[in-house]
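Participant: If you want the building blocks of each chain, they are given just below.
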Amino acid sequence: MIEHRSHTYGVLGEFDTEHQLCHAARAAREAGWVHIEGYTPFPVEALSDALGLKRNKVPLVTLIGGLIGGLGGFYFQYWCNVYSYPMNIGGRPLNSWPAFIPVTFELTVLGASLAAVFGMLALNGLPEPYHPLFNIDRFVKHATTDKFFLCIEARDKKFNVEDAKRFFEGVHATNVSEVQDD
Amino acid sequence: MSANQPPVNSPEIRRLPRVLEPGHDYATVTDKIASIVLTRPISLGWLAGFGLAFSVVMMLNVAVAWLIIKGVGIWSINIPVGWGFAIVNFVWWIGIGHAGTLISAILFLLNQKWRTSINRFAEAMTLFAVACAGLFPLIHTGRPWMAYYMFPYPSTMGIWPQFRSPLIWDVFAVSTYGTVSLLFWFVGLIPDLATLRDHAIGKPKQIIYGMLALGWRGSARHWHRYQSAYLLLAGLATPLVLSVHTVVSFDFAIAIVPGWHTTIFPPYFVAGAIYSGFAMVLTIAIPLRAAYGLQDFITMRHLENMAKVMLATGLIVAYGYFFEFFLSLYSGQKFDVFLVHQRLHGPYNYYYFALILCNILTPQLLWFQKVRTNVAVLFVMSLVINTGMWLERFVIVVISLARDFMPSAWGRYSATVWDYATFVGTLGLFTMLLFLFVRVLPAISIAEMRELVHQTSEEHE
Chain A
242 MIEHRSHTYG VLGEFDTEHQ LCHAARAARE AGWVHIEGYT PFPVEALSDA
292 LGLKRNKVPL VTLIGGLIGG LGGFYFQYWC NVYSYPMNIG GRPLNSWPAF
342 IPVTFELTVL GASLAAVFGM LALNGLPEPY HPLFNIDRFV KHATTDKFFL
392 CIEARDKKFN VEDAKRFFEG VHATNVSEVQ DD
Chain B
57 MSANQPPVNS PEIRRLPRVL EPGHDYATVT DKIASIVLTR PISLGWLAGF
107 GLAFSVVMML NVAVAWLIIK GVGIWSINIP VGWGFAIVNF VWWIGIGHAG
157 TLISAILFLL NQKWRTSINR FAEAMTLFAV ACAGLFPLIH TGRPWMAYYM
207 FPYPSTMGIW PQFRSPLIWD VFAVSTYGTV SLLFWFVGLI PDLATLRDHA
257 IGKPKQIIYG MLALGWRGSA RHWHRYQSAY LLLAGLATPL VLSVHTVVSF
307 DFAIAIVPGW HTTIFPPYFV AGAIYSGFAM VLTIAIPLRA AYGLQDFITM
357 RHLENMAKVM LATGLIVAYG YFFEFFLSLY SGQKFDVFLV HQRLHGPYNY
407 YYFALILCNI LTPQLLWFQK VRTNVAVLFV MSLVINTGMW LERFVIVVIS
457 LARDFMPSAW GRYSATVWDY ATFVGTLGLF TMLLFLFVRV LPAISIAEMR
507 ELVHQTSEEH E
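Residue numbers (this note's numbering), protein chains in the order written: chain A, 242 to 423; chain B, 57 to 517.
Think of the hints as simulated: they come from the structure by calculation, not from any bench.
These figures come from a predicted structure and were not determined experimentally.
There may be inaccurate statements among the hints.
No more than 30 Å apart at the CA atoms, straight line, and that leaves these computed lysine-lysine pairs for DSSO-like [unchecked claim]: (1) A/382 - B/261; (2) B/259 - A/382; (3) A/298 - B/169; (4) A/382 - B/169.
One chain only, chain B, in its complex shape (with noise of 0.2 Å):
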């Protein structure tokens, strides 16, 4: 954290928003924080939006049960489109976490102060989307109970599973990520929770918040050995994140479908997955630093930074569209020349312009600075842009399974209500896990919040 800041009284510097409003010492941004999780009444908001998200995973567990009774008939997936849903929410799922980790580990290496503030929930979010992710490709296997089969263990059958298999590499990919991205967080939470273990009032509070501190005390051995460890995590989780949607991308990329078999995937689904994944972490803080009053801890610049982050992958992933078109065209093969003819005049064409509507067009708008401090404008914006990355992976899947090489194979597809209410499901999961965490953990991480003040006091002296 000490290395090459620039210096305090560059105009450069004054001229941005604070990353911490003023008149903060170590104590109040400990009770701010720790006084949402340890003093705060239950609000009615709260246990409405808890109260819903609950039923929504109500929902779910039917779903859920309903395909495990009768099986994965009851969604659409016919022959020729056999990924449909499940696999669509797999990856927009994946996607989403990716900004967790992106803002936690590869903002964290490049000493990039603003990140503190969003780092916790962002990461809570990488691991309730992770959740989210890791359900659909187990249920869409159609018999859930034999998903350890993709696991290498010593079969009676004497056989592995083949690991030269992109699906068998998206096990290993996305199940690692899973546990580094846990222990990430877990490792960033352990002298928060020291905190709450100090400032509980009860002994069960005590006691649970003990547990989970591991007696951690705050020693300068203790801290210098915490570090070391959180920045190989950091250094670590980097790669990681780039390798998981790589390997994702390589789910469809080693295929041979066209519109799939394509060497533009996987940078262009790393930059999708920060897109969407920014955008979620927007769509969270907003009406988190409104419902909590943490607007001096969230403040404009964390929203207007994110919004330029979000500019920036979106413009990366328009260059994608754009060589996919390009390529296909350039290519001269005709199923490739047609997969660009299905896309804008096919049965599915609609989800297309809406897909760049949401995901090419309206972001420009994030060009304005004006756009970019506007509060109610950006919620809007983000979630905008979720929906058009869960449209950008349908038009993947959907449209280039629907039509690939012999008119006779082909097919059409249009989502059951099982499908629907599989995702709504998830994104209930999800709302639920917030909810949940913003109550029981401290959602910002208030040793990095000490360390700010302490870091911004200094700078003024």
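One chain only, chain A, in its complex shape (with noise of 0.2 Å):
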């Protein structure tokens, strides 16, 4: 039933320096490729503008967080002390706003914290313990220590192998290898 036990994932081009790679990824962005995707051992902000990326959601997703434990922290301490379970003591006012706020702002810091963190990890899909490139020895060896990676992805509409490693050759990449993902 499985036909394709094995199918191309892409291309993966090693560098030895940042400049190479966000040279590299321009060249293959000019020429026509969409689908590539640069890897680094420490950020590169370079590689992000070479990459063309766009602002990213987390700050978004860091403010809804904040929001909700914001909004959520100070009605829940109102609702407990209004409507749940209300005393009046020496008849100050049972929503006594002020003594609410070091909750509040404790609620917003930790829902904005979590959004951001967990938010982060979902929008980048981790965890994924299986990536294809964790088949290339050099990739697994180098690339979280002193290589820098380009990827010209198999989903890209403009494909194949063939081009890719002369694109490779041509923006004299150190090792060029075909990623399997099997």
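Dock chain one against chain two, each of which comes alone in its own frame, and use the hints as you go.
Facilitator: Quick look at the structure:
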């Protein structure tokens, strides 16, 4: 039943410096590939520009988390003290809002932080224990250490293995390999 | 990380010692830091230190078990001094944690490159300090198994916690602080865990680090979102860290006890927290860099900068002490005036003088560069400041409570062996966790060090 036991995920090129990687990424985009991805051992801001990454959704998710935490936290205290179990202590107002601010603040920060972290992980599709790139030995040994990689992915309409390999040779990749997904 | 760095060739920059010694590339920083965890055999010194700390933790277990069997009566708390060591230690530990967040969040926002090599273990220190701090109010409740009463849960009694009470604010502040510190620390660790996964030898290590790394592979899109999340977390942790010790100071300032009921408390508590926290970072950093040969990464520049932060926050604390007295005297309230007299001439006045010596007089030596660059002196001074900050909390809690309003209600306080066993026990717990930490996780952020290598090499081009 399983016809394609093994298919190509993409073609991976290795570079020694982030400048070469950024140059290659820009060239790949100019050549018309859309589904390309860079891999670096530390964040390289120039690469985000080279890949044309736009603003991401993490700040929005964080804002929503913070609003839920803050409004929910305040409303919860309000509800407890005004509806659920109102207690008249010396004629003070039931909704004594200044006293609710510290907890509201803490819950705002908590909601925003949880949203930032779990939102970032979810948008990144992590945790993801298996990835086809982990089949490439040099990627495993160097991608999180000292080398810079660019992958032209097979899901790109324009993709074929030969073109991609020729492209990487053209931009002086030190190593080129075809990534199999099996 | 890209914004306004001063021009590299300005004389000001050249004068400063480096934040990273030359001759390192991406691979060497990775190997140097990862090898401590992955390949370095367990040394006799580590084993001895860990063993000692572990036996102290056993003492903590005994102390806490006896406390649970007998109740808080085994401590010397009484009426009027109902808070005693438990709250002194709680405030002290929480304060120590603050430097970790300050280094990782505030210095990150301020774009201070020198934070890079110290932020990881400073964050670990925060977590462990918060764990030690959290223990004290928990066991101080007397029935720790009912501590969940402090959280709002729909109980059959239909009542809710008193949200107008600073003690409940404290529950929320400290638990939020613990959670956010853990998240911040873990997010910072993800790329390093991936590095460890890729360098680990043997299946068990690969699987454990692999699970923790969540499949991180350094993709540009991932980094893009990761950096947003990290920046946002730093921005969120900054007001949080200020709020936590403010709320802790509210535990005191909201009450009407003379010596507590003062508006100087929140800023003075926050400054004191950062002061003691930096002292603790030095206490840990100095032996750590010596034991694992990390002098290239934790340079004199780091130690000197931390000494400067201690000097600055120490002066704020001194200002706080001054204004505490000034406001008491200026108020004309006889109980407040009496408190000043108590501190200077009362039964615990030697604690107060020791506090002034440790926290105000000794740190003045930090004005001299010779002192700031002398590792041994700095180490001793960090211990002195930590002692001083503990004394400060003792003075605030015990002296104020022991003699408040009516002489007939006055009392005395002297700690029992169980008080000391619990306090020393948490020191052991803290040390043990640090010993474990340096063996199983990278004590310096590898990914950020690579970034630093990248930046310093760009500057030299």
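Participant: All the hints need checking, so say for each whether the structure fits it.
Facilitator: To see whether the hints hold, each was checked on the structure:
1. As the CA atoms of residue 382 of chain A and residue 261 of chain B are separated by approximately 15 Å, the hinted pair is consistent with the 30 Å bound.
2. Taking the CA atoms of residue 259 of chain B and residue 382 of chain A, the gap is about 15 Å. The hint holds against a cut of 30 Å.
3. A distance of roughly 27 Å separates the Cα atoms of residue 298 of chain A and residue 169 of chain B; the hinted pair therefore holds under the 30 Å criterion.
4. Restraint check: the Cα-Cα separation between residue 382 of chain A and residue 169 of chain B comes to about 28 Å, which is no more than 30 Å; the hinted pair holds.
Violated hints: none; the structure is consistent with every hint.
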